[in-house]
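Asker: Can you build the whole structure from these sequences, using the hints too?
Residue numbers (my numbering), protein chains in the order written: chain E, 1 to 384; chain X, 385 to 562.
Warning: the hint list may mix true and false statements.
[As the list claims (entries may be wrong)] Ranges of calculated distance between the beta carbons of each label pair, as one might list FRET restraints: (1) Glu-303/E - Glu-474/X: 40 to 46 Å; (2) Pro-184/E - Lys-426/X: 44 to 50 Å; (3) Gly-113/E - Cys-503/X: 53 to 59 Å; (4) Leu-223/E - Lys-446/X: 49 to 55 Å; (5) Asp-186/E - Gly-409/X: 36 to 42 Å; (6) Gly-88/E - Val-418/X: 50 to 56 Å; (7) Met-434/X - Gly-113/E: 44 to 50 Å; (8) Lys-446/X - Glu-188/E: 32 to 38 Å; (9) Glu-403/X - Gln-373/E: 57 to 63 Å.
Because the hints were derived from the structure by calculation, they are not lab data. For glycine and all other residues, C-beta sits at the position ideal for the given N, C-alpha and C.
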Amino acid sequence: MGIYLDNAATSYPKPETVYAAVDRFMRDVGSSSGRGAYRKALLADKIVFATREALGRLFGVRDVSRIVFTANATESLNLALKGLLAPGDHVVTSSMEHNAVWRPLKRLEHERGIEVTAVPCSMDGSLNPQDVADALRPNTRLVALTHASNVTGTILPIGEVGEAARRHGVLLLLDAAQTAGSCPIDVEALGIDLLAFTGHKGLFGPTGTGGLYIREGIDLLPLKEGGTGGESILEHQPNHLPDRYEAGTLNVCGIAGLSSGVEFILNEGVDRIREKEKELTGYFLQALEGIHGIEVYGPKDPEKQVGVVSLNISGVMPQDVAHVLDEAYEIMVRSGLHCAPMAHRTIGTIDRGTVRFGLGYFNTIEEIDAAVQALAEIARKALS
Amino acid sequence: MTYIAPCIADPDKIRLFAEMSTDIGEVMPYLNAVMKNATYNKNGPNLTFMKEFRLVTLYPRKITMAKALNTTDAWQVLSWIKDMINDVHERRDSITPDHELRSRPTALQIYGWLPKTNCKDCGELTCLAFAVKLLLGQKSIEQCSPLFSPEHAERREAMLEIVAAIGYEVPEKLGSQD
Ligand SMILES: Cc1ncc(COP(=O)(O)O)c(C=O)c1O
Ligand code: SF4
Numbered sequence: 001m002g003i004y005l006d007n008a009a010t011s012y013p014k015p016e017t018v019y020a021a022v023d024r025f026m027r028d029v030g031s032s033s034g035r036g037a038y039r040k041a042l043l044a045d046k047i048v049f050a051t052r053e054a055l056g057r058l059f060g061v062r063d064v065s066r067i068v069f070t071a072n073a074t075e076s077l078n079l080a081l082k083g084l085l086a087p088g089d090h091v092v093t094s095s096m097e098h099n100a101v102w103r104p105l106k107r108l109e110h111e112r113g114i115e116v117t118a119v120p121c122s123m124d125g126s127l128n129p130q131d132v133a134d135a136l137r138p139n140t141r142l143v144a145l146t147h148a149s150n151v152t153g154t155i156l157p158i159g160e161v162g163e164a165a166r167r168h169g170v171l172l173l174l175d176a177a178q179t180a181g182s183c184p185i186d187v188e189a190l191g192i193d194l195l196a197f198t199g200h201k202g203l204f205g206p207t208g209t210g211g212l213y214i215r216e217g218i219d220l221l222p223l224k225e226g227g228t229g230g231e232s233i234l235e236h237q238p239n240h241l242p243d244r245y246e247a248g249t250l251n252v253c254g255i256a257g258l259s260s261g262v263e264f265i266l267n268e269g270v271d272r273i274r275e276k277e278k279e280l281t282g283y284f285l286q287a288l289e290g291i292h293g294i295e296v297y298g299p300k301d302p303e304k305q306v307g308v309v310s311l312n313i314s315g316v317m318p319q320d321v322a323h324v325l326d327e328a329y330e331i332m333v334r335s336g337l338h339c340a341p342m343a344h345r346t347i348g349t350i351d352r353g354t355v356r357f358g359l360g361y362f363n364t365i366e367e368i369d370a371a372v373q374a375l376a377e378i379a380r381k382a383l384s
Numbered sequence: 385m386t387y388i389a390p391c392i393a394d395p396d397k398i399r400l401f402a403e404m405s406t407d408i409g410e411v412m413p414y415l416n417a418v419m420k421n422a423t424y425n426k427n428g429p430n431l432t433f434m435k436e437f438r439l440v441t442l443y444p445r446k447i448t449m450a451k452a453l454n455t456t457d458a459w460q461v462l463s464w465i466k467d468m469i470n471d472v473h474e475r476r477d478s479i480t481p482d483h484e485l486r487s488r489p490t491a492l493q494i495y496g497w498l499p500k501t502n503c504k505d506c507g508e509l510t511c512l513a514f515a516v517k518l519l520l521g522q523k524s525i526e527q528c529s530p531l532f533s534p535e536h537a538e539r540r541e542a543m544l545e546i547v548a549a550i551g552y553e554v555p556e557k558l559g560s561q562d
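Answerer: What follows is the structure, encoded as structure tokens:
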């Protein structure tokens, strides 16, 4: 079977109910939402709405029409950035961002003449909220931040940044790809105006699911135009949410699975999931301390990071470590730059990347023990 | 929800039916007591009200809604209705049920549901005059013939509910039309 420690890329396994929901939908419902008046189409529509409601409960969103479905966090971030920013706007971001934030910003810099400031984070990926506040200018429209780094797991101080942004009338876009489902997120408490999430990581949904919460009063230009369930008579994309941003047939099959994933989280409780991941992370970090020849990046403190641990073994390239872990130990991890070269520049690993362990709710202490033992053996061989 | 179609008068909006999972007949007088702008017809029974711009009628086993923005909007309103019914049901010991029509609609409210074209088909000079006479029982609803054209389907449904609620006869063939 092997040991899966790549949950930061996509979570695996999923709760049983997720598999069942996708199977049931494909087999028994199968129709698209918002498109027909017959009962099965309405059933599909009901599943989509129930998913919005579950996400609303998870993120503290009361008007769930403000949650729109997308294919993943990448699409959500593109919609938020390209739909919002106009020539002359200034954006503050961090030096730990994923390419899903950084590349759209770079494109907008060239094509729309926006300005971007990437506030430097320290070597462990942490961000001083005061640095963000200091970077705000009169033309700053948006602060775009990852909630937790997908390289070091470092959790950024969103509450403080949100407060500063609100004080200056600047919007806050949060990339919750690494935290939705595994860290508590309340859009009101954290002052989040735009929340981008992906369905296939901490939310336990299938790939190809994700969404964006858009605070009331914010109008984004849609990324795409096309068919929507209602208002077909209009020549332009309807103004009402969620239809305004949901042109084209939705991934209802995936959303059905996502619904069960989110229900699973609500039943277990995000706090309990967070506790379990903290316990696994703390246990792993502590065990790594005792191994000679391993350098761990990030805060090395489970309170300050999610279940993501990046490391290197001296004398071995990360891709070789990942290869040996897979071939000899059946342990699945990720090596390289993890689509976040900026973050690697920040922590000083741009030349080779890191080996990344993504711990998830379904991992066990025994699996962590096996990984630690394997790493110790590889490190010992590298030194001898 | 068991049925969705575009609104006849306003194809940008949708109308729909939804079935109740339980019979709310018994709760309806309590709902009537707490809802300020509802029109209750104890003989239906049914309870008609506006949720912002949407027209909602509750029956013991079903809900009809017109002028919802889209299906998400409709689901949100249905979920709001469900919460409200559950809430009223829970608090029913502290509510005095109201079995009567709470407030007689005003002429202006009735006017609001008329086509407002002043076409004089009803024999009155204006829709407002017709509304006043309707309230006085001197006119009957079917005398406003434009209301029975497909274009005014939602208005007609609302008017029929209201007229029935204030205790006037609604001709069977009209009342059953939808
Ligand atoms: C921090 C961060 N942002 C964005 C993404 C993009 O997510 P997705 O590939 O689901 O669009 C990821 C995951 O790869 C991520 O870790
Ligand atoms: S027939 Fe109807 S629309 Fe015409 S004036 Fe009378 S009330 Fe108004």
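Asker: Taking the hints in turn, state whether each one holds.
Answerer: Hints, verified against the model:
Evaluation of the 40 to 46 Å hint for Glu-303/E and Glu-474/X yields a pass: the beta carbon distance comes to about 41 Å. Roughly 48 Å separates the CB atoms of Pro-184/E and Lys-426/X, a value that falls within the hinted 44 to 50 Å. Look at Gly-113/E against Cys-503/X: about 56 Å separates their beta carbons, and that is inside 53 to 59 Å. Between Leu-223/E and Lys-446/X the C-beta distance comes to about 39 Å, which lies outside the given range of 49 to 55 Å.
Our hint of 36 to 42 Å for Asp-186/E and Gly-409/X holds, since their Cβ atoms are close to 39 Å apart. Checked against the given bound of 50 to 56 Å, the beta carbons of Gly-88/E and Val-418/X, roughly 52 Å apart, stay inside it. A beta carbon spacing of about 47 Å between Met-434/X and Gly-113/E agrees with the range 44 to 50 Å that was offered as a hint. Checked against the hint of 32 to 38 Å, the pair Lys-446/X and Glu-188/E passes, with Cβ atoms roughly 35 Å apart.
Taken as a hint, the range 57 to 63 Å holds for the pair Glu-403/X and Gln-373/E, whose Cβ atoms sit roughly 59 Å apart.
Hint 4 alone, counting from the list given before, is not met by this structure.
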